[in-house]
Amino acid sequence: YIGTTYFIIGRAIIGLFSGPLYPSLHLLIASYAPVRERTILTVITHTGNILGLSFNFGVGGYIVEHIPQGWKYLFIMNGVLGIFTLILWCIFIYSSPSEHPYMSQQEKTYICGAENSTSYSHKMALKEIPFTSILLCPHVGIICLATFGGNLILYAQLTGHPKYLSSVFGISKSMASYLSIIPFMCNFTFQIIYPFLFDYNRLSKWISKTTFRRLSAGIGFIGASIFLAPVGFVPCNQMAISISMVTMSMVFLGANQSGSFTAIIDISPRFSGIIMGLASTFGSLSGVLQPQLASFLIKNGDRKEGYLLVFAITSLVSLLMGLPFILFGSAVEKEFTKKCVNHDEYEKITLITNHKV
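Just so you know, we're using UniProt numbering here: the sequence shown kicks off at 1 and counts up by one.
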């Protein structure tokens with residue numbers, strides 16, 4: 001072992017190189033997803049991270065608990081899976097459908113056709129990107145706040161739930177890790193089901209796309225906060241109730257994937273990668289602040305009371321961060337996107353964009 005300092009540096013480098021992943025995925029979805037299928041394809045694509053977390057909770061918990069130096073093998077396993085994913089990405093991913101050598105002409109016609117396309121053929125120079133307009137757009141700021149709020153609950157479950165189960169209910173770390181899979185798998189399931197239950201292509205007769213995004217965010221943030229806030233009040237002999245409430249919190253949070261998360265592509269398909277980068281950067285701050293808050297509250301008082309405050313504060317802050325999008329969020333394409341697309345391309349792309357998801 002070469003020491004803690006090098007470990008921290010290595011983890012920082014991993015985070016640095018992982019940063020472009022979410023923006024790249026969002027831009028890829030904007031290029032490949034037909035407008036009518038935007039919500040479901042965005043949700044399905046990004047549920048992969050939930051599956052990865054669930055896999056790590058299950059397999060990782062077993063490896064660390066039962067294999068000597070288990071952490072080492074867990075990191076190696078994740079590294080190998082990352083390299084394998086990179087190889088697949090390099091082979092199969094291209095910037096636009098028109099460039100993809102493995103797609104049939106029928107697929108390209110369907111995706112790039114006038115009725116479905118949000119794919120852009122024009123390559124932009126760095127100086128052409130309207131950074132000032134993007135940064136000053138209030139709806140971009142609202143999405144950043146919502147991303148922070150959603151991630152706050154996500155990181156609370158990711159970093160704190162196993163510790164909460166093992167310290168408050170006295171179960172082993174491996175069992176706590178296994179039980180922590182339940183909220184994430186239920187979140188994954190609801191993310192997939194939600195766009196089919198509330199299909200905007202059917203609801204568009206009665207509500208606008210903006211209203212649909214706001215309602216989805218409202219269901220996500222309000223539902224998640226209502227179920228998470230009282231978790232700390234659950235008695236120490238009622239673990240099943242505690243897990244059920246945390247699970248319901250994560251289930252409701254899944255609705256927001258069809259809310260503010262997908263609205264990033266709605267407001268600017270062309271620059272969705274940049275906006276996702278801003279939102280992801282802001283949202284990642286919750287992954288730094290939430291564990292620090294939990295550590296401070298738990299170390300400086302009764303452990304049960306500390307967790308009570310952690311869940312209550314996390315719920316309140318998350319709801320406050322999501323509230324601006326619930327009230328003022330937008331799914332209308334912004335002017336800075338329209339100005340950067342030539343007329344013919346814009347007419348083709350937006351013929352349907354303002355009416356369907």
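Do not take every clue at face value.
Cut-off 27 Å, straight-line C-alpha distance, at most; resulting in silico cross-link-like pairs (DSS-like, lysine-lysine) [what the hints assert, rightly or not]:
1. 205 to 299
2. 304 to 173
3. 163 to 299
4. 108 to 338
5. 163 to 173
6. 304 to 163
7. 127 to 299
8. 338 to 173
9. 304 to 205
10. 72 to 205
11. 72 to 173
12. 334 to 127
In short, the hints are calculated from the structure, not lab data.
Verification of the hints:
no., hint, result
1, 205 to 299, "violated, 53 Å"
2, 304 to 173, "holds, 18 Å"
3, 163 to 299, "holds, 13 Å"
4, 108 to 338, "holds, 23 Å"
5, 163 to 173, "holds, 8 Å"
6, 304 to 163, "holds, 12 Å"
7, 127 to 299, "violated, 50 Å"
8, 338 to 173, "violated, 52 Å"
9, 304 to 205, "violated, 49 Å"
10, 72 to 205, "violated, 55 Å"
11, 72 to 173, "holds, 17 Å"
12, 334 to 127, "holds, 19 Å"
In summary, the numbered hints that this structure violates are 1, 7, 8, 9 and 10.
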